[in-house]
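A.B. asks: Model the full structure from these sequences, guided by the hints.
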Amino acid sequence: MFPFRQAVSSDKEAILRIDAMVTGDTSRAPQLSQAIDSGHCYTIAFDNDVTGYAVIDQSFFRQTFLSLLVIHPFYRRMGLGDALLQRLEEMCPTEKLFLSTSLTNTPMQKLCKKRGYVESGSIDNLNPNEPELVFCKQIKMPQSAPAPRPRHPYLTMSPHMYSY
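Under the working numbering, the first residue of the sequence shown is numbered 1, with each subsequent residue one higher.
Everything labelled a hint here was simulated from the structure, so no lab data went into it.
This structure is a prediction, so every number in the text was calculated from the model and none was measured.
Careful: at least some of the hints might be erroneous.
As the list claims (entries may be wrong) - DSSO-like cross-link-like pairs, simulated, lysine-lysine; straight-line CA separation at most 27 Å:
1. Lys140 - Lys114
2. Lys137 - Lys114
3. Lys137 - Lys110
4. Lys96 - Lys110
5. Lys96 - Lys140
6. Lys96 - Lys137
7. Lys140 - Lys110
8. Lys113 - Lys140
9. Lys113 - Lys137
10. Lys113 - Lys96
11. Lys96 - Lys114
C.D. replies: Quick look at the structure:
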């Protein structure tokens with residue numbers, strides 16, 4: 001439906017423009033450039049134009065963490081955020097996917113609940129007077145421990161089983 005792919009260096013300009021439009025500054029430009037260069041940034045497009053992006057990695061207690069999901073304001077409420085989150089879930093290499101959003105970002109909270117995320121807590125003191133809510137979704141079933149190897153029958157016999 002909406003083209004999704006890993007961001008490449010030629011996407012930087014569009015990603016940085018969208019981010020500056022949403023945040024009102026360019027303070028995240030170094031972080032975003034590094035995410036693109038290291039392969040942790042993904043884009044979604046509408047009419048062949050990058051209209052949103054996400055930054056994701058496995059740095060959160062060995063689980064996947066979505067640190068940013070941003071859609072160009074003009075293209076919101078069109079299903080791009082939902083499509084982007086769905087694609088990230090499909091490629092998630094860990095059992096769980098975590099993300100966070102501010103208490104005032106009710107559209108993202110609604111998207112999380114729609115996609116089956118559960119609230120996992122909050123973090124105070126990141127932004128003044130605005131707690132960050134943490135959400136989690138179980139993506140894959142936990143890996144169970146491997147079954148014990150069968151032992152050789154002679155090694156499991158008790159000494160009383162031998163006849164002398």
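A.B. asks: All hints are to be evaluated individually against the structure, with a verdict given for each.
C.D. replies: So, going through the hints one by one against the coordinates:
For the hint linking Lys140 to Lys114, the alpha-carbon distance of about 18 Å falls within 27 Å, and the restraint holds. Straight-line distance between C-alpha atoms of Lys137 and Lys114 comes to about 11 Å, which keeps the hinted pair within the 27 Å bound. Proximity of Lys137 to Lys110 is assessed by CA-CA distance (about 14 Å); at most 27 Å being required, the pair is judged to hold. Note on Lys96 and Lys110: the hinted pairing holds, with a Cα-Cα distance of about 19 Å set against a maximum of 27 Å.
Of the pairs offered as hints, the one joining Lys96 and Lys140 holds, with about 7 Å between alpha carbons and a cut-off of 27 Å not exceeded. Proposed proximity of Lys96 and Lys137 is supported: the alpha carbons are some 6 Å apart, at most 27 Å. With a CA separation close to 22 Å, the supplied pair Lys140 and Lys110 stays within the 27 Å bound. Note on Lys113 and Lys140: the hinted pairing holds, with a Cα-Cα distance of about 18 Å set against a maximum of 27 Å.
A hinted pair counts as satisfied when its Cα atoms are at most 27 Å apart, and Lys113 with Lys137 qualifies at roughly 10 Å. Proposed proximity of Lys113 and Lys96 is supported: the alpha carbons are some 15 Å apart, at most 27 Å. This hinted pair checks out: Lys96 and Lys114 have alpha carbons roughly 17 Å apart, not beyond 27 Å.
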